[in-house]
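Asker: Here are the chains, one letter per residue:
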Amino acid sequence: MTAFVTPTVPEKVLVVDDDQDMCWILEVALTGLGCAVTTVCSAQEAIASVALHAFPIAFVDARLPDMDGLRLIEELHSLRPAMRIIMISGYYFEDDIRILEAVQASAIDGFLAKPFQIDAIVAAVTGTSNGKHRP
Amino acid sequence: MFLATLDYESFFHAVMATIPSSILILDERLAVLSVNNNFLEKSRGVLSLTLGRRLHEIFPAAFQDTALDHQIRDVIATGRTLHRQRMTYRAPGVSLRTYSYSICPLQLQRGRRGAILVMDDVTDLLQLGEEVRRMQLHLASVVESAGDLIVSTDPQGAIMTWNTAAEKSTGYTHVEVRNSKLADHIEEPQNQDVEACYRGIAEIDDRRSVEWPMRCRNGESIPVSWRLSRMTDDTGKVTGVVVVGRNLVEQRAMEAQIHQGEKLAALGMVIGGIAHEIRNPLGVSSAAAQLMKGRIATPILLGECIDKVIGGIDRASLVVESLLRFARPGPISETTKVNVLDMLKNALMFASGEAAAGTAIEWKLPFIADSLYAEGVQNLLELVIINFVLNAFQAMPSGGRLTIAVRREGAEIIIEISDTGPGIPEAHVSKIFDPFFTTRSDSRRSGLGLSVSHSIVRQHGGSVTVRSSPHEGTTFIVHIPVARDRDMHAEE
Numbered sequence: 001m002t003a004f005v006t007p008t009v010p011e012k013v014l015v016v017d018d019d020q021d022m023c024w025i026l027e028v029a030l031t032g033l034g035c036a037v038t039t040v041c042s043a044q045e046a047i048a049s050v051a052l053h054a055f056p057i058a059f060v061d062a063r064l065p066d067m068d069g070l071r072l073i074e075e076l077h078s079l080r081p082a083m084r085i086i087m088i089s090g091y092y093f094e095d096d097i098r099i100l101e102a103v104q105a106s107a108i109d110g111f112l113a114k115p116f117q118i119d120a121i122v123a124a125v126t127g128t129s130n131g132k133h134r135p
Numbered sequence: 001m002f003l004a005t006l007d008y009e010s011f012f013h014a015v016m017a018t019i020p021s022s023i024l025i026l027d028e029r030l031a032v033l034s035v036n037n038n039f040l041e042k043s044r045g046v047l048s049l050t051l052g053r054r055l056h057e058i059f060p061a062a063f064q065d066t067a068l069d070h071q072i073r074d075v076i077a078t079g080r081t082l083h084r085q086r087m088t089y090r091a092p093g094v095s096l097r098t099y100s101y102s103i104c105p106l107q108l109q110r111g112r113r114g115a116i117l118v119m120d121d122v123t124d125l126l127q128l129g130e131e132v133r134r135m136q137l138h139l140a141s142v143v144e145s146a147g148d149l150i151v152s153t154d155p156q157g158a159i160m161t162w163n164t165a166a167e168k169s170t171g172y173t174h175v176e177v178r179n180s181k182l183a184d185h186i187e188e189p190q191n192q193d194v195e196a197c198y199r200g201i202a203e204i205d206d207r208r209s210v211e212w213p214m215r216c217r218n219g220e221s222i223p224v225s226w227r228l229s230r231m232t233d234d235t236g237k238v239t240g241v242v243v244v245g246r247n248l249v250e251q252r253a254m255e256a257q258i259h260q261g262e263k264l265a266a267l268g269m270v271i272g273g274i275a276h277e278i279r280n281p282l283g284v285s286s287a288a289a290q291l292m293k294g295r296i297a298t299p300i301l302l303g304e305c306i307d308k309v310i311g312g313i314d315r316a317s318l319v320v321e322s323l324l325r326f327a328r329p330g331p332i333s334e335t336t337k338v339n340v341l342d343m344l345k346n347a348l349m350f351a352s353g354e355a356a357a358g359t360a361i362e363w364k365l366p367f368i369a370d371s372l373y374a375e376g377v378q379n380l381l382e383l384v385i386i387n388f389v390l391n392a393f394q395a396m397p398s399g400g401r402l403t404i405a406v407r408r409e410g411a412e413i414i415i416e417i418s419d420t421g422p423g424i425p426e427a428h429v430s431k432i433f434d435p436f437f438t439t440r441s442d443s444r445r446s447g448l449g450l451s452v453s454h455s456i457v458r459q460h461g462g463s464v465t466v467r468s469s470p471h472e473g474t475t476f477i478v479h480i481p482v483a484r485d486r487d488m489h490a491e492e
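So the protein lines, in turn, are chains L and D.
All letters in the first sequence, in the order written, are residues 1 to 135 by UniProt numbering.
All letters in the second sequence, in the order written, are residues 1 to 492 by UniProt numbering.
Pulled out of the complex, with its shape left as it was, chain L reads as follows (with noise of 0.2 Å):
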């Protein structure tokens, strides 16, 4: 429960979710620690809003309807050099050989498997976990 009182939460996440329940329980646990949560539910609409606003970090679903998740990573990471971006797919594991190479070329700086621990997002978020939190 120390994440609740650390000091080093990003004021604004974004999460990347086709799943609306998926986005709502990203919402409360995040809204929770004190961001400011915006959830989106394609690539389209990650891209619009990561042109408008600077999210330090974000939550991005590996399959989106309208383009594959890495894809949308490329395309964010062009637009925000410095933001985080941590994966969560129920698609892949942590040890699949694209999720492995994506973390070693930094395309992202973390990666959870759905079903996660809450933590891991805490812990993604304050940076406690140096952004390579493994579940």
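Don't take each hint at face value.
[Said to hold, decoys possible] List time: in silico SDA-like cross-link candidates among lysine to any residue, alpha-carbon distance up to 25 Å:
#1 L:Lys12 with D:Arg217
#2 D:Lys293 with L:Val9
#3 D:Lys293 with L:Glu74
#4 D:Lys293 with L:Val28
#5 L:Lys12 with D:Arg315
#6 D:Lys337 with D:Leu301
#7 D:Lys337 with D:Glu409
#8 D:Lys293 with L:Asp68
#9 D:Lys293 with L:Leu70
#10 D:Lys293 with L:Thr31
#11 L:Lys12 with D:Gly294
#12 L:Lys12 with D:Met292
#13 D:Lys293 with L:Pro81
[To be verified] Over 10 Å on every C-beta distance to chain L, these chain D residues come out as not near it, computed from the model:
#14 Ser10
#15 Leu49
#16 Arg134
#17 Leu137
#18 Glu176
#19 Ala202
#20 Ile222
#21 Leu248
#22 Ile278
#23 Asn280
#24 Ser285
#25 Ser286
#26 Arg295
#27 Glu354
#28 Ala356
#29 Pro397
By construction, these hints were calculated from the structure, which means they are not laboratory data.
C-beta: ideal position from N, C-alpha, C; glycine also.
Starting from the known structure of chain L, arrange chain D on it as the hints suggest.
Answerer: Okay, now just chain D, sitting in the frame of chain L:
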């Protein structure tokens, strides 16, 4: 007599000059008495330097090793003609030539005897023959080395030749099959087609191939694709038929392998999609439960979390259920009265998260829509509608119009779900209900949705049809039976 009018010398020279052979007239000592122009041309000799010379002086050295000397002396001694001998020799500056020659005894003046040597240059003739022979061998070797079965028959269908590939494929040798009917080597009932082909031999079309399975020695039957061509003589009369067959065994095995590979790849994609479909609600349930464990302060949020846990588990079990239904389709025993409008609204609510921005939804309902009831299992029918609605949304990634129309026709409820997407290519329409058919390159809901939907509707005693036109969109039409009349007790 006619001969009496001849000038013999002039006749002699004319004959000598006319005959296209080389002619030498020799005496007993084998000295040259006369030669014709042909000989002088061939040997590049001059008449004045040739006459009176001995045979070995005018022929090259290599020639002396031949039996010619001896043969001429023998002919002169015995008076017996020697016909058609063959020798090869090279005149100075001329390439190697082959001659056919005959030696004939000749009575000279004053009782002396001589011989006449007639030589023909057969080099070109021999070369031609050799070429013909080589060509025949080549053709034979083409036929023999061909991977295809090459069989020739007479116009009645009796086998004349049977190449090595035919032997290898069938196990029967040429000797065994010669003169037997080709039709006897083809499995029933296609052997009837073979006979029909020979009866209508004039109609044989070598552009068309036919598949006739062939009977082999080991009792097996192999698939063979055949092409028939007529052989005709100069007058156009059919002298036989050339039958070329391609053994399809390997091709079939390869096709099966590719098909299997495709199935496995499709299965892999479906499994990926299923994993995603299940782990999402599991993730929601798990995270909601974790939130409840100490993180949630207000009772309202707590209630919402509980709903998410239950909802997530329900969604996951619905995916599993649809998989099981797909794997084991069976009749549905426990059906209820399903309010069609409620069911459609629920389904739309579930699916609406997938709609792209700019998607409009239009309802086309009869005024009695509230009282339309179908006979079925609400969850399953909802799943069907969810699938069709998701499908429609996916067909319109940049928005469009989803139309949901409902009506009752006799004992059926008809639900039409239309999108304004690109339409389904005609070639795909027949396959879209196949479990593993997909045109999507990613693995999300890899085509299992439509086949599951189809299977569920069939279990309800209904049907699904599709209407699609390019650029205008696609409509899925679901027919399901209306609710049975229930008396008051049953309603209770």
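Asker: Taking the hints in turn, state whether each one holds.
Answerer: To see whether the hints hold, each was checked on the structure:
1. Simply put, lysine 12 (chain L) and arginine 217 (chain D) have alpha-carbon atoms about 80 Å apart, too far for the 25 Å limit, and the pair is violated.
2. Between lysine 293 (chain D) and valine 9 (chain L) the CA atoms are separated by roughly 21 Å; this keeps the pair inside 25 Å, and the hint holds.
3. Annotation: proposed proximity of lysine 293 (chain D) to glutamate 74 (chain L) is violated, straight-line Cα distance about 36 Å (limit 25 Å).
4. Among the hinted pairs, lysine 293 (chain D) with valine 28 (chain L) is consistent with the structure: their alpha-carbon atoms are about 13 Å apart, no more than 25 Å.
5. Distance hint between lysine 12 (chain L) and arginine 315 (chain D) is unfulfilled; the C-alpha atoms sit about 30 Å from each other, more than 25 Å.
6. Annotation: proposed proximity of lysine 337 (chain D) to leucine 301 (chain D) is violated, straight-line Cα distance about 34 Å (limit 25 Å).
7. A distance of roughly 17 Å separates the Cα atoms of lysine 337 (chain D) and glutamate 409 (chain D); the hinted pair therefore holds under the 25 Å criterion.
8. Between lysine 293 (chain D) and aspartate 68 (chain L) the CA atoms are separated by roughly 33 Å; this puts the pair beyond 25 Å, and the hint is violated.
9. Of the pairs offered as hints, the one joining lysine 293 (chain D) and leucine 70 (chain L) is violated, with about 32 Å between alpha carbons and a cut-off of 25 Å exceeded.
10. The hinted pair formed by lysine 293 (chain D) and threonine 31 (chain L) meets the criterion: a straight-line CA distance of about 16 Å does not exceed 25 Å.
11. Of the supplied pair hints, the one linking lysine 12 (chain L) and glycine 294 (chain D) holds, its CA atoms being roughly 24 Å apart against a limit of 25 Å.
12. Using a Cα cut-off of 25 Å, the hinted pair lysine 12 (chain L) and methionine 292 (chain D) holds, with the two alpha carbons roughly 23 Å apart.
13. A distance of roughly 36 Å separates the Cα atoms of lysine 293 (chain D) and proline 81 (chain L); the hinted pair therefore is violated under the 25 Å criterion.
14. Against the 10 Å criterion, serine 10 (chain D) stays outside the reach of chain L, whose nearest CB is about 105 Å from its own CB.
15. The Cβ of leucine 49 (chain D) lies farther than 10 Å from every Cβ of chain L, with a closest approach of about 95 Å, so its non-interface assignment holds.
16. Even its closest Cβ contact with chain L, about 60 Å, leaves arginine 134 (chain D) beyond 10 Å, as expected for a residue assigned away from the interface.
17. The non-interface label for leucine 137 (chain D) is consistent with chain L: the shortest C-beta to C-beta separation is roughly 59 Å, beyond 10 Å.
18. Distance to chain L confirms glutamate 176 (chain D) as a non-interface residue, since its nearest Cβ pair spans about 58 Å, more than 10 Å.
19. The Cβ of alanine 202 (chain D) sits about 62 Å from the closest Cβ of chain L, beyond the 10 Å cut-off, so the non-interface label holds.
20. Once the 10 Å rule is applied to beta carbons, isoleucine 222 (chain D) is consistent with being away from chain L; the minimum gap is 43 Å.
21. For leucine 248 (chain D), the requirement that its beta carbon stay farther than 10 Å from each beta carbon of chain L is met, with the minimum near 39 Å.
22. With a least CB separation of 7 Å from chain L, isoleucine 278 (chain D) falls inside the 10 Å interface cut-off, contrary to its annotation.
23. Here asparagine 280 (chain D) does not stay apart from chain L, with its beta-carbon only about 5 Å from theirs, under the 10 Å limit.
24. Remark: the non-interface label on serine 285 (chain D) conflicts with the geometry, its nearest Cβ contact in chain L lying 7 Å away (cut-off 10 Å).
25. Not every CB of chain L is more than 10 Å from the CB of serine 286 (chain D) (nearest about 3 Å), against its label as outside the interface.
26. Not every C-beta of chain L lies more than 10 Å from that of arginine 295 (chain D), the closest at about 6 Å, which undercuts listing it as non-interface.
27. Non-interface status of glutamate 354 (chain D) relative to chain L is broken: a Cβ of that chain comes within 10 Å, the nearest being about 6 Å off.
28. Consistency note on alanine 356 (chain D): stated as away from chain L, yet its beta-carbon is not over 10 Å from all of that chain's, at 7 Å minimum.
29. The claim that proline 397 (chain D) is not at the interface with chain L is violated, since a C-beta of that chain comes within 10 Å of its own (minimum 6 Å).
Of the hints listed earlier, those the structure fails to meet are numbers 1, 3, 5, 6, 8, 9, 13, 22, 23, 24, 25, 26, 27, 28, 29, in rising order.
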